[in-house]
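**Student:** Residue numbers (the working numbering), protein chains in the order written: chain A, 1289 to 1674; chain B, 1289 to 1674.
Some hints here could point you the wrong way.
Pairs count within a copy or across copies, as identical chains cannot be separated in the list.
Calculated cross-link-like contacts (lysine to aspartate or glutamate; reagent style EDC-like; alpha-carbon spacing at most 16 Å) [unchecked claim]: (1) K1632 with E1622; (2) K1303 with E1333; (3) K1544 with E1588; (4) K1531 with D1362; (5) K1578 with D1540; (6) K1505 with D1646; (7) K1632 with E1333; (8) K1632 with E1618; (9) K1563 with E1359; (10) K1578 with D1642; (11) K1314 with E1543; (12) K1578 with E1543; (13) K1578 with E1550; (14) K1544 with E1337; (15) K1531 with D1642.
By construction, these hints were calculated from the structure, which means they are not laboratory data.
2 protein chains.
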Amino acid sequence: MLPESAAKNSIGLVKPQSADITRPLKLACGAVLPSHKLVFETYGELNAERNNAILICHALSGDHHAAGFHEGDDKPGWWDHYIGPEKPIDSNKFFIVSVNNIGSCFGSTGPTSINPETGEAWGATFPSLRARDWVESQRLLMEHLQITCWAVVIGASLGGMQAMRWSLEHPDMVRHAVVIASAMKLTAQNIAFNEIARRAIKSDPDFCDGNYLQHNKVPARGLALARMIGHVTYLSDELMGQKFGRQLRIGDLIEKNNNPIEFQVESYLNYQGDKFSDAFDANSYILITKMLDYFDLSREYNNDPIAAFGHASCDFLVISFSSDWRFAPERSREITDALIAANKSVSYAEIESDKGHDAFLLPNARYEAALGNYLTRIATQLQGAE
Amino acid sequence: MLPESAAKNSIGLVKPQSADITRPLKLACGAVLPSHKLVFETYGELNAERNNAILICHALSGDHHAAGFHEGDDKPGWWDHYIGPEKPIDSNKFFIVSVNNIGSCFGSTGPTSINPETGEAWGATFPSLRARDWVESQRLLMEHLQITCWAVVIGASLGGMQAMRWSLEHPDMVRHAVVIASAMKLTAQNIAFNEIARRAIKSDPDFCDGNYLQHNKVPARGLALARMIGHVTYLSDELMGQKFGRQLRIGDLIEKNNNPIEFQVESYLNYQGDKFSDAFDANSYILITKMLDYFDLSREYNNDPIAAFGHASCDFLVISFSSDWRFAPERSREITDALIAANKSVSYAEIESDKGHDAFLLPNARYEAALGNYLTRIATQLQGAE
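Between the sequences and the hints, there should be enough to build the whole structure, so can you do that?
**Tutor:** Put into structure tokens, the structure is as follows:
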């Protein structure tokens, strides 16, 4: 049964699928995963030409459940506002593939999976990952699905990094890359926030040097802190002001009052932290924040983003949000400028929004139009080519 | 002996003094400190008219040691660049008083002091404090020093809040207030960062609900995290980029390398966190961050800053720094606009700086000129009045 809120243009009920990838996956760090499992969802139908597939790349804490409802769910997937029939990423026109990436913790092989060599959970011994490893794993899923070229690879934040990496590593397998609220590399400030989050996790005595599963413990306090730090950086100062201001949840700031006082924003953040620590794995958080830190689009291209994008052959749509200070518009302009200098086809939309980095998840008419129109043109071209 | 670096315009060796204030201090929360100790330093000489005294108000983690050297020190006090002979806060012209405030942890009465009623350290039971309590305690020190009016009360950040509070609570005891990188109240984002810092401290099992002293423990991990969070917000994104960029301290990001990797910025932040947790008290950190959160200049003035400043009779200098995102120039403009609307004498300088909130501590020619010229005019007026 779908909840009533799902009535309009919902994909409806969806079931996760899984693929056992038995081809060895060589990781950038030198390690090899002899086999791995990928959990994914698909929305819409693959056409006869098998050329209308869109790959959705999730960010740090994302999963495969991007749209529609699982049986019993009150809330749809994380990008449901943008994926569905007649939505910007239109499931009437495209075959949409959304995969939980390796190293994460929602069913695909990651730190909570059993390492076949030891018979125990990988935990902190799961190999270091790079965005290119996610791309390579997604390519093996692509083989599994018998798709030879993505119509579009699309992602926000770390998802945008995967889309860019796809365009460089497999230029013949991507027609369009949509890069939202992303960057060619993190700034020192970005890395600093990630490191504080990691240290919060590692400081939790229940982390047990990453072997908490073996000790039947969960570093929930550290993970909650990590999420709280991240969460503040995903929101804009302005949005937090509008949403919470200086409203109190408990107590009163009048004089002669020594009772507890709590601001709404404190309560909200503590709740978000606790909720997240119930759902996410601490080793995955460390692994994936490092993947973010290590990403540097042009490192292997002589640190020249123009030379790097010279290898791409797809078209690009780059989108940023005005109040996003974690992945500022300036970063998206750098991507766009490098693409222009590399003589690539690129559209850039800087969307006015007061919602910070989280804007990529939220309703916004101009964002919907920019994304929807771009994808509609692609769908029209595909139909013309039939 | 002074270190060689101290040669030019240094105050030289200074010794902390202390005052036992035996007059009861009524706190805003309703509690009363029957007596309290204040540790302070003075630089320069009080003139015969006793009207050339400047009060320095410290911020969250500050102390009384603002300038000069203690015996054996390698580094001078925290505001030594700005306080000394012929420096912007000129010890040849003014009698400068710098006090460690109550609730802090550098000798003045605070959570690490013994509660005379229990014979044990106050710890987490130290009464809740407001900026006005610091002002009241400073007023008692003023009595102790037989000063009836400050020529200038000056402070940055939380220090600026004290200067503003002085101007409203005791308009007849302040001639000039200098408010640097401050705000009339914190934003939701400010409160959020403070709350994450507090939660980091409280999450540390060694915090023992604030009774760590009784258990011979120190919540060093939590306090280090708290400082790391604060520290990132005191620096600008730009400065961190210049200072650290993506430089590695350990390891290499080449492929086929599964060895540890550490960015310079991670190492720097971890070092800053650890250093701070050796020097500061966790209960003081919680107490003073709450004081920051609770500060709201015009709460008792019908939430009208113009009405609030209507009570002031001193002149104001307001200073902000362009890259300060913790106490953004916008906050200082609000202060200035309210002062103008309240028909007060106010000068406002928005200083170009890439150094973030920390700019108030660092060399900057325009900042030095703005502050120095303002204070020189005051000194000249004082001489004219002799």
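**Student:** Does each hint fit the structure? Answer for all of them.
**Tutor:** Going through the hints against the structure:
1. In this homomeric assembly, K1632 and E1622 come within 16 Å of each other (Cα to Cα) only inside a single copy, at 14 Å, whereas the closest approach across copies is 46 Å.
2. When the C-alpha separation of K1303 and E1333 is checked against a cutoff of 16 Å, the pair qualifies only within one copy, where the shortest distance is 15 Å, while the shortest distance between copies is 79 Å.
3. When the C-alpha separation of K1544 and E1588 is checked against a cutoff of 16 Å, the pair qualifies only between copies, where the shortest distance is 13 Å, while the shortest distance within a copy is 63 Å.
4. In the homo-oligomer, the alpha carbons of K1531 and D1362 never lie at most 16 Å apart, since the shortest distance is 23 Å inside one protomer and 47 Å across protomers.
5. For the homomeric pair K1578 and D1540, the shortest alpha-carbon distance between copies (13 Å) is at most 16 Å, but the shortest distance inside one copy (42 Å) is not.
6. In this homomeric assembly, K1505 and D1646 never come within 16 Å of each other (Cα to Cα): the closest approach is 31 Å inside a single copy and 40 Å across copies.
7. In this assembly of identical chains, K1632 and E1333 lie within 16 Å of each other by CA distance neither inside one copy nor across copies; the values are 30 Å within and 70 Å between.
8. Taking the closest pair of Cα atoms, K1632 and E1618 never come within 16 Å of each other, the shortest separation being 19 Å inside a single copy and 40 Å across copies.
9. Proximity of K1563 to E1359 under the C-alpha cut-off of 16 Å is found in neither arrangement, the shortest distances being 21 Å within a copy and 51 Å between copies.
10. Taking the shortest alpha-carbon separations for K1578 and D1642, neither the intra-copy value of 28 Å nor the inter-copy value of 27 Å comes in at or below 16 Å.
11. Taking the closest pair of Cα atoms, K1314 and E1543 come within 16 Å of each other only across two copies (11 Å); inside a single copy the shortest separation is 64 Å, beyond that limit.
12. Taking the closest pair of Cα atoms, K1578 and E1543 come within 16 Å of each other only across two copies (15 Å); inside a single copy the shortest separation is 47 Å, beyond that limit.
13. When the C-alpha separation of K1578 and E1550 is checked against a cutoff of 16 Å, the pair qualifies only between copies, where the shortest distance is 10 Å, while the shortest distance within a copy is 34 Å.
14. In this assembly of identical chains, K1544 and E1337 lie within 16 Å of each other by CA distance neither inside one copy nor across copies; the values are 75 Å within and 38 Å between.
15. For the identical chains of this complex, K1531 and D1642 are intra-copy neighbours only, at 11 Å inside a copy versus 30 Å across copies, given an alpha-carbon limit of 16 Å.
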